[in-house]
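Basically this note's numbering = 1-based index in the sequence shown + 86.
Hints were generated in silico from the structure; no laboratory data involved.
Note that this is a predicted model, so its numbers are computed, not measured.
Don't take every hint at face value.
Mimicking BS3-like on lysine-lysine, the simulated pairs with C-alpha atoms at most 27 Å apart in a straight line are [what the hints assert, rightly or not]:
| id | residue 1 | residue 2 |
| --- | --- | --- |
| 1 | LYS109 | LYS470 |
| 2 | LYS864 | LYS423 |
| 3 | LYS109 | LYS566 |
| 4 | LYS462 | LYS487 |
Computed spacing ranges between beta-carbons, pair by pair [stated by the list, open to error]:
| id | residue 1 | residue 2 | range |
| --- | --- | --- | --- |
| 5 | TYR848 | ASP629 | 48 to 56 Å |
| 6 | GLY305 | TYR264 | 24 to 32 Å |
| 7 | ILE1068 | SER910 | 16 to 24 Å |
| 8 | LYS1079 | TYR183 | 38 to 46 Å |
| 9 | ASP818 | HIS874 | 20 to 28 Å |
| 10 | TRP871 | TYR802 | 28 to 36 Å |
| 11 | GLU1032 | ASP826 | 22 to 30 Å |
| 12 | ARG790 | ALA887 | 20 to 28 Å |
| 13 | SER1087 | HIS874 | 38 to 46 Å |
| 14 | SER387 | ALA1008 | 58 to 66 Å |
| 15 | SER1087 | GLU335 | 36 to 44 Å |
| 16 | ILE409 | TYR264 | 28 to 36 Å |
Cβ atoms here follow ideal geometry from the backbone N, Cα and C, with glycine treated the same way.
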Amino acid sequence: MKRIISLWLLLSATLLGAVSYGKNKVNAVPQDWSTLSTMHFDIYFPAGEDEFGKTAALMAEEIYYYLKDNLKYPILSRIPIVFYSSKTDFQATNIIYPLLSEGVGGFTESLRNRVAVPFDGSYNNLEKLLTHELTHAYINALDSRIVSAVEHLRPTSFPFWFSEGLPEYLAIGSEDDYNNMFIMDMVVNDKSTSLDYSSGYYAYRLGESFLAYIAEVYGRDKVSEYFYTLRTMSNLEESTKRVFGMKFEELESRWKYQLKRDYYPVINSHLVPQEAFERRTDHKEDGSYMNFSPRFSPDGSRYAYFSDAGARLSVWVAGSHGISKPKKIITGEKSGKMEEFYFRRTNLSWFPDGKRLAFAAKSSTGDRIHILDVDKGKLLESIKIPQLSAIFELDVSPDGKSVVLSGQEDIKCDIYLFDLESRELTRLTEDSYFDAQPRFSPDGKRIIFSSERIENDDIGRYGYFANLSSGIFELDIATKEMWQITDGVYDSQWPMYLQDGRIVYVSSEDGISNLRMIDPERNIQARITELLCGTFNADISADLDHLVLSNYFDSAWNIYFGISPLDDLMYEDAPKRQLVQLEHDLLDRIDFGLLDYYGPRKKEKVERPQPAYQEIRRPFIGGFEPSLPDSNLIQANYSWDERPQSPSEQAPFIKKYRPSFALDSVWGGVAYSSSYGVLGSIELGLSDLMGDHGIGISLGLSDRLKETNLVLSYIYLKRRLDVGGGVFNLYDETYVRRYDPTNWDYLRYRQYQSGVYGTLRYPFSRFARMEFDNMFYKYQLNLDWLPHQNIASGTWIKDAADPLEGLIYTPGINLVFDNALYGSTGPMLGTRALYSVQKSFAKDDMEHFTHLADYRKYILFSKRYSLAMRLNGGLSHGSSPARFSLGGYNGVRALPYNLAGHKKVLGSIELRFPMVDYLSLAFPLPITLGNIRGSAYIDAGAVWDENKHFRGMRNGRLEDIKLGYGFGPRLNLGYFVLKMDISWQSDLSRVSKPQIFLSLSEDF
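Given these sequences and hints, build the entire structure.
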């Protein structure tokens, strides 16, 4: 019967092995929702923010008709849009389960076509982001309307640059200077790549630019024609020939020549940054991508800045003379104190003593202001401001007693004054305009900041808020008077005061962000820099002798240092500053009465027009699309989707969100066997729209009810503490063939388990969590015997031994920490650690107490190389202890067989390196592969039962200790990592023949 018991113990070991790494979503504050249904959308927004919800609804409907004008055809399905009140809330979304980084602006979930976007206080940014995501949703809705998987069985496929370039083109139209900066940089540095080989963020930019070129040269209708042709033919080359009458290579070449015509002239009018200034950081040497927000100390002897050199965004300090190397004073993004920094919304500010720095960062308990001792590299204080859901840029007052900051509260991003002594928070601006980047005047009486309060008529984009531009404004703290400093013709950001009262800021004049200076007292202005390809922000020392700035060039932001930046400036007249009247709010421009026009409508049944003909190899996709030869042969009436001209019968109204479940996933199958009868399985996953509630159903069908497998599970994710549980009924059969010298027989183990289980997960931060799992169930184990003489007839002797049955309660606690950063095939930097303990309470012969510990360290060096180390151990005791495996991925990889024991120790060290950057084969198959990584490793470990029987070595050879080493390539194939390991086992005396292992898993 011990053999039967060990089956359950193997299950226990499997459960222990299921403890996994991974970072956490932290829902620090549960969100309640309201909903508003319009003609085409179901709008979800934070409860209590009704004005924002109505604005979002009108914005979505305006975008819909803009997209319809470009994509020509209406959609029939409704699109749900979820608006999050802050980026932090958005990153904790449960609509999709992967953890979102700061770089993710929004997403469209394709299964249920849900759109999710955050609001950072800028309606201008929100409108662009919403247009991008609604383009994805619109296309998904067209596909669900037109393409029937049963009818055509042919998927729609676009190149990635087109899939993301089209939404960017429709949202921005190549009119954004920040986006164009990347294109300019690629052109002037001869790094413009083929669209087919573009990836990541550059695919967005290149795709947008390419489609904007098509619209400029061939007309906007050609873009939509290209879209539908690609969508129908799923062949880039053939689609390009049909639409443009040329090969794709030729069309792409024409676009690239146009880019050269556009950007080569700026090389004559603008300087390469290292020609004008000394480059203080080098991304090619330190592997960084972003070096930004430099700030001089009060005495000008040093400056601080952010840098991701070493892969994590951290605070660095460098001397102004440039003699000593920059020094990292604190590392970010590796603990709950500084989980992440806002992208392009983070800066540094010195205290007057020149020893302390202030900055804001996301933490496990919300955004905080951190005060850092620069010389000691220690945090002195972390300040939480409960009223604010987000804290962005800040500045310390000249006396060091207060901080002015840009913060978000109640769907508004305003300027606040925070007293460091009394902890009093004062709101200096309070409206729907987007206010950011505040700085104190030298006397501390005024504040200068950037704000989207300026309206321009000359815009290249459609929308409610497309005409807003960012200008520089000045606010008197005592009188609350506000003055407009710049005219707003060009976006102006990151202002700062000089000691003499002049103002320096970053302007997008000429389409390239550079430093400008304005003197409001004398009404004169001047250009300070004319650099390629874009300045992010800068600082000038108090004595006006030195300049430090962050500039994008050659595919990265670097820090540049200059001397006497204000000498020999060419001044010109500047517009006079104007007093701003604060009677009107941004949303006053919205006529909320128009919302009554967009009431929900009944679902339309559209008659499918018949195509002129249907080609078998390229079947016509029925519905909205005309056949390719003659689009005029299709006639359809879409008048039901015209923009409404009068109020609808049922006006939209706001109501409380109530969860309703919909199907997320389903798969399964059914079979029949003459021996076993009907067999089948089905897996169902359901969730509510927010993803806060999840239901899982797993059903394994059998014609015998007792042998039907069933698992029902539920998980609740709305709060910080995740709660889950379920019920199950499981049946399993295991067959064993026994040999003896004369004959053989068979044993059949039948295992029944029925019970309940529950789980609790509490994230301490993004990187650390505690899990409490428990299971209570009834078990029954039966043994059947097939004697040798019965094999021919197949007659089993049931219940050949007394069945084992009883009740088991198994609680377990897991502690998990994971701040690792990934490369393409596995972790490259950081730490992973877990400790798991599990105890079973049952009959004396079923008890065990099991511990499992794992520690992994990853050291990144020389940019693309990493050293990975792992130490793993397990211990199980009791009347029936669990057994740990030494073979396979989590063991000694050179072992050709598996070993198991109640105790385990394993150590691994692995060098991860680039093996092949680019490989192109012409024969026998044209295959192109890139970024093939390599690993070389050593594993050593042992498993055993009794300490007294353990023999690590005998006669100079390893015995119970197993040693292996090897190497092999790794290739990320998207959904999994393909690995090949060539391994050798050694006992320090002999070496085995090499063995080759293939696997589909990432590196440990």
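We went through each hint and held it up to the structure:
no.	hint	verdict
1	LYS109 with LYS470	holds (23 Å)
2	LYS864 with LYS423	violated (45 Å)
3	LYS109 with LYS566	violated (45 Å)
4	LYS462 with LYS487	holds (22 Å)
5	TYR848 with ASP629: 48 to 56 Å	holds (52 Å)
6	GLY305 with TYR264: 24 to 32 Å	holds (27 Å)
7	ILE1068 with SER910: 16 to 24 Å	holds (21 Å)
8	LYS1079 with TYR183: 38 to 46 Å	holds (44 Å)
9	ASP818 with HIS874: 20 to 28 Å	holds (25 Å)
10	TRP871 with TYR802: 28 to 36 Å	violated (47 Å)
11	GLU1032 with ASP826: 22 to 30 Å	holds (28 Å)
12	ARG790 with ALA887: 20 to 28 Å	holds (21 Å)
13	SER1087 with HIS874: 38 to 46 Å	holds (42 Å)
14	SER387 with ALA1008: 58 to 66 Å	holds (59 Å)
15	SER1087 with GLU335: 36 to 44 Å	holds (39 Å)
16	ILE409 with TYR264: 28 to 36 Å	holds (34 Å)
In summary, the numbered hints that this structure violates are 2, 3, 10.
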